[in-house]
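All chains, full assembly: derive it from the sequences and hints.
If you're matching them up, the sequences are chains A and B in order. Going by full-length UniProt numbering, the first sequence opens with residue 1, and the numbers climb by one from there. Going by full-length UniProt numbering, the second sequence opens with residue 1, and the numbers climb by one from there.
Derived by calculation from the structure, the hints in this document are not laboratory data. Check each hint, because a few of them may be wrong.
[To be verified] Here are the simulated DSBU-like cross-link-like pairs (lysine-lysine), alpha carbons at most 30 Å apart as the crow flies:
1. B/K149 x A/K49
2. A/K49 x B/K138
3. A/K65 x B/K106
4. B/K101 x A/K55
5. B/K101 x B/K117
6. B/K149 x A/K109
7. B/K149 x A/K65
8. B/K182 x A/K49
9. A/K109 x B/K64
10. A/K65 x B/K117
11. B/K55 x A/K128
12. B/K64 x A/K56
13. A/K126 x B/K117
14. A/K65 x B/K182
15. A/K43 x B/K117
16. B/K8 x A/K8
17. B/K106 x A/K121
18. B/K117 x A/K109
19. A/K4 x A/K109
[Claimed, not checked] Footprint (simulated), chain A over chain B, 3 or more residues, beta carbon under 8 Å:
20. 70-77
21. 93-103
[Stated by the list, open to error] Away from chain B, derived, C-beta distances all over 12 Å, residues of chain A:
22. R26
23. N63
24. E69
25. I73
26. R96
27. A129
28. K151
29. L173
30. K189
31. F219
32. R233
Predicted, not measured: the structure shown is a model, and the values here were computed from it. Backbone N, C-alpha and C fix where the C-beta goes; we use that ideal spot for every residue, glycine too.
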Amino acid sequence: MGEKEEVKLLGVWYSPYAIRPKIALRLKSVDYDYVEENLFGSKSELLLKSNPVHKKVPVLLHNNKPIVESLNIVEYIDETWNSSAPSILPSHPYDRALARFWSDFVDNKWFPALRMAAITKSEDAKAKAMEEVEEGLLQLEDAFVSISKGKPFFGGEAIGFMDICFGSFVVLLKAREKFKAEKLLDESKTPSLCKWADRFLSDETVKNVAPEIEKVAEFLQELEVRAQSAASRS
Amino acid sequence: MGKNEEVKLLGIWASPFSRRIEMALKLKGVPYEYLEEDLENKSSLLLALSPIHKKIPVLVHNGKTIIESHVILEYIDETWKHNPILPQDPFQRSKARVLAKLVDEKIVNVGFASLAKTEKGREVLIEQTRELIMCLEKELAGKDYFGGKTVGFLDFVAGSMIPFCLERAWEGMGVEMITEKKFPEYNKWVKKLKEVEIVVDCIPLREKHIEHMNNMAEKIRSA
Ligand SMILES: N[C@@H](CCC(=O)N[C@@H](CS)C(=O)NCC(=O)O)C(=O)O
Ligand SMILES: N[C@@H](CCC(=O)N[C@@H](CS)C(=O)NCC(=O)O)C(=O)O
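Right, here's the structure in full:
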């Protein structure tokens with residue numbers, strides 16, 4: 001890449017989605033400016049302008065071109081800085097398809113169930129959603145075993161696309177463990193995923209960009225208190 | 001391409017998700033065996049190949065199973081590299097992918113929800129649908145197809161879903177959703193799509209499809 005590059009990332013520190021492009025940019029040794037958004041106050045003009053449909057973070061601005069949706073951003077980074085580091089997606093089409101399939105599973109099936117469990121008021125719905133979350137973890141355990149083929153990560157020897165996707169939620173799971181005494185990643189049910197999660201969190205690249213679990217736990221607790229007082233007021 | 005390639009597609013005649021895969025395979029000139037599924041009575045093959053989602057389309061290529069239409073389209077493009085369907089430039093690729101998600105996640109949701117409502121609740125959803133389709137209208141400005149001069153990934157995703165599926169359902173209900181006046185680029189694009197043989201080959205028969213969509217809407221409303 002020759003000419004002067006301008007790379008800017010809009011995010012919020014606690015967002016799992018924002019961790020993804022941070023990891024990818026670091027893997028590719030790309031320098032960038034980071035802009036922290038405030039989703040509780042008002043969103044910046046830049047955010048509204050660059051992501052007018054979803055109005056969500058993260059957004060990557062590369063020479064003023066906006067790229068949205070975290071996994072899509074990771075893929076863009078992989079394709080744009082393709083000579084500076086090993087690729088993030090696997091190289092074989094079928095392995096790429098598996099990485100894409102499982103990351104879609106995480107974002108569109110597994111995580112929505114976890115969110116449902118966290119926000120629903122109905123005990124029945126909560127129990128049902130938690131069942132789905134746990135079943136999803138078992139499926140992800142199997143996927144890890146078959147995709148990693150005995151290597152440390154979904155991506156093989158180093159973290160790759162699916163590690164970035166699912167790993168970004170590990171921070172959240174660990175934070176929930178802290179303030180809810182709920183153990184979702186259970187050694188006896190998903191032993192390989194548990195070991196993978198620890199490896200992921202101690203990876204040098206990840207350590208550098210992931211928020212502290214303690215701080216995320218405090219933040220989640222604060223959110224819950226806020227939601228409860230809002231509910232009791234109405 | 002090797003001689004002994006096995007390519008199988010599990011689909012449903014009326015499903016935009018499997019129709020778009022057929023378009024891509026035809027564009028690439030990849031011969032495939034098509035297996036029609038019955039969702040009321042899923043085949044043991046479908047359940048074995050897609051145990052989690054149990055949905056079509058499923059592509060089987062030399063014994064490997066690929067699921068989810070976007071994933072399948074990317075796989076096809078990477079496996080048979082001639083006649084590329086995704087743009088070459090990373091920024092254009094990222095736009096195509098995001099708009100494809102907009103079609104399949106947002107436009108489909110509000111579009112189908114508008115079918116479920118009786119007249120009264122419908123107006124709001126219709127407006128929301130129009131707003132989203134405006135994103136596509138803007139993207140088409142100055143182009144023949146989303147892919148530029150030739151059809152590609154987003155043409156298959158949006159084409160299978162909007163003009164040749166949702167619009168037929170709206171037509172069945174007498175809703176004029178995407179007017180010439182407000183959406184000139186979109187309407188020009190649909191006309192151009194109808195000139196592309198591999199697309200036309202993969203569009204469900206009109207009368208039968210409208211009837212199918214009407215029945216579906218009826219079912220949603222009475223559920
Ligand atoms: N699918 C999106 C999800 C991003 C997302 O949900 N971001 C949240 C922060 S964690 C957000 O910006 N929410 C703002 C809002 O919903 O108004 C992605 O992968 O980037
Ligand atoms: N996200 C999927 C959607 C596929 C889908 O919804 N397929 C429907 C038919 S149109 C299906 O198989 N449904 C079966 C079911 O829900 O039981 C894709 O893009 O492939």
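Status of each hint after checking the structure:
1. B/K149 x A/K49: The given pair, whose Cα atoms are some 29 Å apart, holds under the 30 Å limit.
2. A/K49 x B/K138: 15 Å, holds
3. A/K65 x B/K106: Cα-Cα ~23 Å, so holds.
4. B/K101 x A/K55: 15 Å, holds
5. B/K101 x B/K117: 24 Å, holds
6. B/K149 x A/K109: At roughly 36 Å apart (the allowed maximum being 30 Å), A/K109 and B/K149 break the hint.
7. B/K149 x A/K65: 23 Å, holds
8. B/K182 x A/K49: 23 Å, holds
9. A/K109 x B/K64: It holds: about 23 Å lies between the C-alpha atoms, which stays within 30 Å.
10. A/K65 x B/K117: Violated, at roughly 39 Å.
11. B/K55 x A/K128: Given that 30 Å is the threshold and the Cα spacing comes to 21 Å, the pair holds.
12. B/K64 x A/K56: Violated - the C-alpha atoms of A/K56 and B/K64 are around 36 Å apart, more than 30 Å.
13. A/K126 x B/K117: 28 Å, holds
14. A/K65 x B/K182: 27 Å, holds
15. A/K43 x B/K117: 33 Å, violated
16. B/K8 x A/K8: It is violated: about 44 Å lies between the C-alpha atoms, which goes past 30 Å.
17. B/K106 x A/K121: Roughly 26 Å between the alpha carbons, so the hint for B/K106 and A/K121 holds.
18. B/K117 x A/K109: 26 Å, holds
19. A/K4 x A/K109: 40 Å, violated
20. 70-77: holds (count 5)
21. 93-103: As far as the region 93-103 of chain B goes, the hint holds, because 6 residues have Cβ atoms under 8 Å from chain A.
22. R26: 19 Å, holds
23. N63: 9 Å, violated
24. E69: Nearest chain B Cβ is 6 Å from A/E69, so the label is violated.
25. I73: 8 Å, violated
26. R96: Its Cβ does come within 12 Å of chain B, the nearest being 7 Å, so this is violated.
27. A129: 17 Å, holds
28. K151: 20 Å, holds
29. L173: Since the minimum Cβ distance to chain B is about 20 Å, A/L173 lies beyond 12 Å and the statement holds.
30. K189: 18 Å, holds
31. F219: A/F219 clear of chain B: closest Cβ-Cβ about 28 Å, beyond 12 Å.
32. R233: 28 Å, holds
Of the hints listed earlier, those the structure fails to meet are numbers 6, 10, 12, 15, 16, 19, 23, 24, 25, 26, in rising order.
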